[in-house]
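Asker: Here are the chains, one letter per residue:
Protein chains: 2
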Amino acid sequence: MADRSKVVRAKGFRWVDVPIRVYKESDDLYKDVTRQTLLGNGDAERSLNFEMRYFEIAPGGYSTLERHGHPHAVLVVRGRGEVQLDDRTAPIAPFDCVYVAPDAEHQFRAAADESLGFICVVDRERDRPRPVTRSAPR
Amino acid sequence: MADRSKVVRAKGFRWVDVPIRVYKESDDLYKDVTRQTLLGNGDAERSLNFEMRYFEIAPGGYSTLERHGHPHAVLVVRGRGEVQLDDRTAPIAPFDCVYVAPDAEHQFRAAADESLGFICVVDRERDRPRPVTRSAPR
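Going down the list, the sequences are from chains A and B.
Everything in the first sequence is counted per my numbering, starting at 173 for the first residue and increasing by one.
Everything in the second sequence is counted per my numbering, starting at 173 for the first residue and increasing by one.
I should point out that these hints are in silico values taken from the structure, not numbers from a laboratory.
Misleading hints may appear alongside valid ones.
A pair counts as met if it fits within one copy or between any two copies, since identical chains are not told apart.
[As the list claims (entries may be wrong)] Calculated cross-link-like contacts (lysine to any residue; reagent style SDA-like; alpha-carbon spacing at most 20 angstroms):
| id | residue 1 | residue 2 |
| --- | --- | --- |
| 1 | Lys-203 | Arg-250 |
| 2 | Lys-203 | Glu-297 |
| 3 | Lys-183 | Val-205 |
| 4 | Lys-196 | Gln-256 |
| 5 | Lys-183 | Arg-250 |
| 6 | Lys-178 | Ala-265 |
| 7 | Lys-203 | Pro-231 |
| 8 | Lys-178 | Leu-237 |
| 9 | Lys-183 | Pro-266 |
| 10 | Lys-178 | Thr-261 |
| 11 | Lys-178 | Gly-241 |
| 12 | Lys-178 | Pro-274 |
Using the sequences and the hints given, assemble the complete structure.
Answerer: Printed below as a string of structure tokens:
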């Protein structure tokens with residue numbers, strides 16, 4: 173049992189042996205976002221019921237405006253930006269914490285001149301996000 | 173639904189409206205540790221199946237050496253220290269990530285001259301920790 177514990181070493185906002193992935197494959201409604209799954213990726217750390225991921229949004233970039241049934245627990249660790257939570261928008265900076273409730277429309281956006289990096293924890297088993305399209309009926 | 177989303181604002185390594193609590197009531201085998209539950213505390217954020225907590229250990233302090241059936245996902249965000257994982261000890265610093273496997277003996281220790289602050293995510297429903305006493309048979 174013991175040997176499964178581990179330290180995942182940080183080098184800046186990259187982690188040793190953790191690949192940098194495309195933010196998502198299912199849509200292209202975002203700009204300049206990368207994803208790294210620190211713990212709970214695939215078959216790793218199977219005892220975890222959740223995944224710990226790190227997202228980084230380059231200056232001027234944003235995540236997909238979307239909603240889903242599972243909640244998010246977010247901790248900002250780098251840079252500046254804002255989060256949209258339904259009809260509200262709030263500035264965020266280290267080490268603000270964001271709770272995205274089930275089915276809330278949400279989007280993370282980096283500042284124009286600064287990256288935004290945050291940890292996002294989600295259930296391992298979860299529903300798929302649905303992009304929100306403003307031009308479509310809601 | 174929308175109004176349940178929220179931003180918990182950071183002021184240094186304290187958070188607005190988040191109380192600073194005693195690390196644990198069940199033993200006194202630790203030194204200079206505080207606990208803040210950022211998300212998922214009690215009835216808050218009931219949709220979360222996990223809690224996001226922040227622990228801070230003052231210089232020279234340490235958490236209880238213990239084990240339990242539930243795993244930990246940890247992200248260091250402040251200072252320096254080390255973690256014991258069964259028979260291994262590793263230095264930790266921002267933004268190293270630590271996976272504590274089920275039933276692994278573990279202890280977090282701050283450096284002599286620096287605090288150690290880290291996020292620790294756990295299942296909301298979980299078993300109680302059991303302190304490890306070195307003088308007792310193992």
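Asker: The structure should be examined with respect to each hint, and the outcome stated for every one.
Answerer: Taking the hints in turn, this is what the structure says about them:
| no. | hint | verdict |
| --- | --- | --- |
| 1 | Lys-203 to Arg-250 | within (18 angstroms within a copy, 30 angstroms between copies) |
| 2 | Lys-203 to Glu-297 | neither (26 angstroms within a copy, 37 angstroms between copies) |
| 3 | Lys-183 to Val-205 | within (19 angstroms within a copy, 27 angstroms between copies) |
| 4 | Lys-196 to Gln-256 | within (19 angstroms within a copy, 36 angstroms between copies) |
| 5 | Lys-183 to Arg-250 | both (14 angstroms within a copy, 15 angstroms between copies) |
| 6 | Lys-178 to Ala-265 | between (29 angstroms within a copy, 14 angstroms between copies) |
| 7 | Lys-203 to Pro-231 | within (10 angstroms within a copy, 42 angstroms between copies) |
| 8 | Lys-178 to Leu-237 | between (34 angstroms within a copy, 17 angstroms between copies) |
| 9 | Lys-183 to Pro-266 | both (18 angstroms within a copy, 9 angstroms between copies) |
| 10 | Lys-178 to Thr-261 | between (37 angstroms within a copy, 10 angstroms between copies) |
| 11 | Lys-178 to Gly-241 | between (31 angstroms within a copy, 16 angstroms between copies) |
| 12 | Lys-178 to Pro-274 | between (31 angstroms within a copy, 12 angstroms between copies) |
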